[in-house]
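Engineer: Residues per chain are reported as follows:
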Amino acid sequence: MVKSFFQNKVAVISVAVIVIIGLMAVFAPFLTPYDAQRQDLVARLKAPGAEHLLGTDELGRDVFARMLYGARVSLLIAVIPTALAVFLGTILGIASAYYGKVADLIIMWFADVTLAFPGMLLAMAIMYSFGGSFLSVIISIIIMEWGSIARIVRSVTMSITENEYIQAARTMGVRKIVIVIKHILPNLVPTLIVLFTLNIPSSILSESALSFLGIGIQPPEVSLGLMINQSKALIFQKPWLALAPSLMIMILVLAFNYLGDALRDILDPKTKY
Amino acid sequence: MSGFVRRCIGVILVLLGVMVLIFVILRIIPGNPAAVLLNDHVNKETIERLTASMNLDKPLPEQFFLYLAGVLKGDFGQSYYMKRPVLDLVLEAFPYTVKLTVFSALFAWIFGIGIGVISAVHHDRLPDYLFRGVSLLGVSVPVFMVALVLQYLFYFKFSLLPLVYDGSAVSMILPAIALGWNSAGSVARLTRSGLMEQFNEAYLDTARAKGLTARQAILTHGLKNAMVPVITMLALQLSGMLSGAVITESVFGIAGIGKLALSAVETRDMPLLQGTVLFSALIISVGNIISDLINRCLDPRLRV
Chain A
664 MVKSFFQNKV AVISVAVIVI IGLMAVFAPF LTPYDAQRQD LVARLKAPGA
714 EHLLGTDELG RDVFARMLYG ARVSLLIAVI PTALAVFLGT ILGIASAYYG
764 KVADLIIMWF ADVTLAFPGM LLAMAIMYSF GGSFLSVIIS IIIMEWGSIA
814 RIVRSVTMSI TENEYIQAAR TMGVRKIVIV IKHILPNLVP TLIVLFTLNI
864 PSSILSESAL SFLGIGIQPP EVSLGLMINQ SKALIFQKPW LALAPSLMIM
914 ILVLAFNYLG DALRDILDPK TKY
Chain L
125 MSGFVRRCIG VILVLLGVMV LIFVILRIIP GNPAAVLLND HVNKETIERL
175 TASMNLDKPL PEQFFLYLAG VLKGDFGQSY YMKRPVLDLV LEAFPYTVKL
225 TVFSALFAWI FGIGIGVISA VHHDRLPDYL FRGVSLLGVS VPVFMVALVL
275 QYLFYFKFSL LPLVYDGSAV SMILPAIALG WNSAGSVARL TRSGLMEQFN
325 EAYLDTARAK GLTARQAILT HGLKNAMVPV ITMLALQLSG MLSGAVITES
375 VFGIAGIGKL ALSAVETRDM PLLQGTVLFS ALIISVGNII SDLINRCLDP
425 RLRV
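As given, the protein sequences belong to chains A and L, one line each in that order. If you're matching positions, the first sequence starts at 664 in the numbering used here and goes up one per residue. If you're matching positions, the second sequence starts at 125 in the numbering used here and goes up one per residue.
Where hints are given, some of them may not hold.
[To be verified] Heads up, simulated DSS-like pairs for lysine-lysine below, C-alpha to C-alpha not over 25 Å straight-line:
no.: 1; chain 1: A; residue 1: K709; chain 2: A; residue 2: K901
no.: 2; chain 1: A; residue 1: K839; chain 2: A; residue 2: K764
no.: 3; chain 1: L; residue 1: K334; chain 2: L; residue 2: K348
no.: 4; chain 1: L; residue 1: K281; chain 2: A; residue 2: K901
no.: 5; chain 1: A; residue 1: K895; chain 2: A; residue 2: K709
no.: 6; chain 1: L; residue 1: K334; chain 2: A; residue 2: K709
no.: 7; chain 1: A; residue 1: K764; chain 2: A; residue 2: K845
no.: 8; chain 1: L; residue 1: K182; chain 2: L; residue 2: K207
no.: 9; chain 1: A; residue 1: K895; chain 2: L; residue 2: K281
By construction, these hints were calculated from the structure, which means they are not laboratory data.
Please take these sequences and the hints and turn them into a complete structure.
Structural biologist: What follows is the structure, given as structure tokens:
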């Protein structure tokens, strides 16, 4: 499996891109002498050049530095809520498939309810109640994503439980929870890895859209979507202000999309979702 | 047909859940919206009077049933900020959103299916690689980036099209492309894989034996079968499109549902936000039922 990963050029390149951006985000303080917040009103709206790699914004803040710190937020949003949504979706998906008809009906009903909303509008309701912040963005992404994950985990779990060794284990009197941990979960791992990778792009896009609308992450925090929002008024005169963070979002999303597709080919060639 | 009836009952149960969830989310933080609305200068009696008129003094379950009863009668409440019935505001905004989604869906279908078919017919050759790259790029670009790039190119650089929506058909072109871009990418990907699955099916040989050319057989019989998952996905994409409409409408200044919801968040207008979110969930549920019906017509196997 590891070998087929390294033979897959797309997978290797996309991991390389993600790792490079990740390292740049982590070591941002060493890559740029500028602070993402510090304003320099003398050096406002400088075009990209030697001193400021990607220029400065309307408050004289260095765009390159802000982009690196914004990428931190995007990567955190990529990992934290997606992982939590996969965790929640896995538990509820297995419970739905394996713990009786009533549990199944209730859990799938709840999944259908959260999936009946357009994600952005549900997120807006959450922003209304909790205010725009990192935490409320995380909560809304989990609520948007857990339902479809639970559905897929449910159907994969159902096909796993049809295997004879699981029926054998049940006849021998092995407890359900033991069967879940020892037999079902290991078989779910490939699906979960693919689901995790393929949900990351939508997490990143949701955060950037909410911040772009001005109701997600709030200043003085930095976020790629927020940077584009703040440069909206100058979009035609100083396009680089919006272009740099947009390209960063696009590259991240593209890399995770390619990686997810490649991982699905490697780990799980039969299933399509 | 009983399967269809069961599905409709399921949709009604889901919509009930939708109402409960949105009701709870918007009221989870304690605080009296009436007090927020009137700000601190007003005396206590006025706040109490407004609180009572909005039913905010009753316990939450009772408030919910009053709201439910209202919705069933077509009363979504009164907007705090605009001081008009929520339903009127939503119904005024709705045609704009419908226009936007219809045009962008048209764009997504024409380009997505076209690119998907070309990709499948030329699979693993240059046009396929080219179009697969383009369609993955299509699903990876944020909606607002497409919108801003289109505005930059077609308004600022070449001054071909208007910057914002002004009611004319021409000014709908950019918003429709911006919103349809993502869907076009996924339609292309699904059309390609769906069509390629049909290549080895026996009915294509039958069609060939009847005298159709390979191309005719694929485009008439193969494409029809490949469209079943695409139509299912289009219904699912309705949800994504309504999400994207919030962004597109705000960038292009279209007075649709998304813009209404956004202004409701900004002015802290709870009944209006509740109404718009509920209404959009209703649209999605209806869309799912319609796509179910279309699929039953296209694929007789589903009618059992």
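Engineer: A separate judgement is required for each hint: does it hold in the structure or not?
Structural biologist: So, going through the hints one by one against the coordinates:
| no. | hint | in the structure |
| --- | --- | --- |
| 1 | K709/A / K901/A | 9 Å, holds |
| 2 | K839/A / K764/A | 15 Å, holds |
| 3 | K334/L / K348/L | 18 Å, holds |
| 4 | K281/L / K901/A | 13 Å, holds |
| 5 | K895/A / K709/A | 17 Å, holds |
| 6 | K334/L / K709/A | 69 Å, violated |
| 7 | K764/A / K845/A | 23 Å, holds |
| 8 | K182/L / K207/L | 22 Å, holds |
| 9 | K895/A / K281/L | 17 Å, holds |
Comparing the model with each earlier hint shows a violation of hint 6 alone; every other hint is respected.
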